[in-house]
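Participant: In case you want the letters, here they are:
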Amino acid sequence: MNIAIRINDLNFAHPGGSVPALERVSLTISTGESVALLGPSGAGKTTLLALLDGRLQGWRGRVSVLGAPLDPDQPPPRASRPDTGFVFQEFALVERSTVLRNVLNGRLGRMAPLRALLGSPTPHDLDIARTALTDCGIADLAERRVDSLSGGQRQRVAIARCLAQEPRLILADEPVSNLDPTRAGEVLALLTGAAQARGATALFSSHQPDLARRFAQRIIGMRDGRIAFDVPTSELNDDATAELYREVEPLPGLSLRAVS
Amino acid sequence: MQFGGFGGFVTSALIAGAILWSFATTDVELSRLVSAGPRIADFLGRMFPPDPTVMAEIRKGSAETLRIAILGSLGAVILSIPLAILASETMVSPAVFRPIRTLLAFIRAIPLILVAMLMVGAVGLGPLPGIIAVAFHATGMLAKFYAEAIDGVSRAPIAALESAGAGPLVRLRYAIWPQMAPVVARDTIFRFELNLRESLILGIVGAGGIGFYIQTYVRSFQYDKAASVTMAVVAMVIAIEAINVALRRRFT
Ligand SMILES: Nc1ncnc2c1ncn2[C@@H]1O[C@H](COP(=O)(O)OP(=O)(O)OP(=O)(O)O)[C@@H](O)[C@H]1O
Ligand SMILES: [Mg+2]
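Line by line, the protein sequences give chains A and B.
Residue 1 is where the first sequence starts when you use our numbering, and the numbers rise one by one after that.
Residue 1001 is where the second sequence starts when you use our numbering, and the numbers rise one by one after that.
Looking at chain A on its own, in the form it has when it is part of the complex:
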């Protein structure tokens, strides 16, 4: 299989949302690609990523992820969920648990249900978790509680949890938005490098075009729920980027909404 994501004419509006969050989105991403998703706030980046993760229902169109079609009305079967890993914009870590425990949480979908419930990871699970910690450069933080970590450290824990899941597709929602430029580069190198080393596909959103250029082979620009451009990184020109982030002219009766 060499197609990781195939989307045909996808349309979606959030329940209670006044405008469609995704409109006529079509794209195909091959296995092993690293793709960046650019676009201003409210463009629909988080929505598209969450939908690919199987967390949104009630859309129209055709979407298949890792060779299996998504059901527009039902979450995907639990057995298939570990194959898609997600790095959340706000980390979504369990604050009062240790770093190691949080990373092991990424293994829960891979463990036998009873073993997962009883909390007895196999040596294999522990090994994978420790490798993920080492790859993310936080092996020495394993026993620390997450609520004692800095934003950059939490970001690495979130990525380590995702890697411990052994996903074949990594979806990352602004994985470096909380980091200073140096750390941001390191973390994106880590994420895309780990994906490549594992033969996984990576799709990450970002507000930083220069970082997207450095770490993605391909860049998709989104605006107002539509795909504005979809080009190999070498062909991305500054005009297209500037156009993407152009100031919105306030339309009468349409107010900018706060985005979670």
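Hints listed in this document are in silico derivations from the structure and should not be mistaken for laboratory results.
Glycine included, each C-beta is placed from N, C-alpha and C at the ideal position.
No incorrect hints appear here.
Okay, the calculated bits of chain A under chain B, using three or more residues with CB under 8 Å as the criterion: (1) 86–96; (2) 108–115.
Only part of the chain A face toward chain B is listed, based on derived beta-carbon distances under 10 Å: (3) A79; (4) A158; (5) P167.
Based on the hints, put chain B with the ligands in the right spot on chain A.
Facilitator: Quick look at chain B with the ligands alone, frame taken from chain A:
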């Protein structure tokens, strides 16, 4: 609260009416209270000096009350865990949590002493009906508190575990439980304190514990002994309070 205007007048009139009605329909003869002065003095006099020879009974009764409170609390915790899951808005559908919440409200509405009387009728005298009554009564509050703790945690880590393929119970264990644990500890200690206080008097209806001796001594006119036991109860309540204050400080 502000009392003003017509609404204020109606409220005042209702309160005054309720007080007058209570006086008029109850056999409260103030004269009797006045003439009873010497009798009350005599009664109090016979409580002094408290009889210290009942130390053995006090020790035995307090130990039994403590056991009732501990085992009753344990029973309430065990009952509350599944009931809290079923009463949680975020774990089950409204068709499940609504009736369970109503059931818990009913349980809370029945006073402990009433449950204890019924249990004495059902299983006989002794600490067992006390333990069952405390477990039953406390579950009404504890399961509700636990359910609120489940519903009060941050949702994001739960969604993350679901995305990783973890089932509902696994998510409860690894995403919800770590977040709610301090709340559960605080609520459980709070309920244990109430259980201990409330079970001090269970003996009066024959459900075991130190209250049994108060009732026995009052009935047999041994007021000096009753006074000793009452003082022991007061001392225990104060001790419980002090321990609880210390514990609460640790959990905040
Ligand atoms: N839960 C929701 N309910 C209703 N509307 C929503 C919800 N979440 C997002 N939206 C709307 O959907 C649109 C797309 O939002 P989305 O969060 O996908 O944007 P984004 O590109 O991720 O923005 P940002 O860069 O700020 O994270 C916006 O118009 C937003 O207001
Ligand atoms: Mg977003």
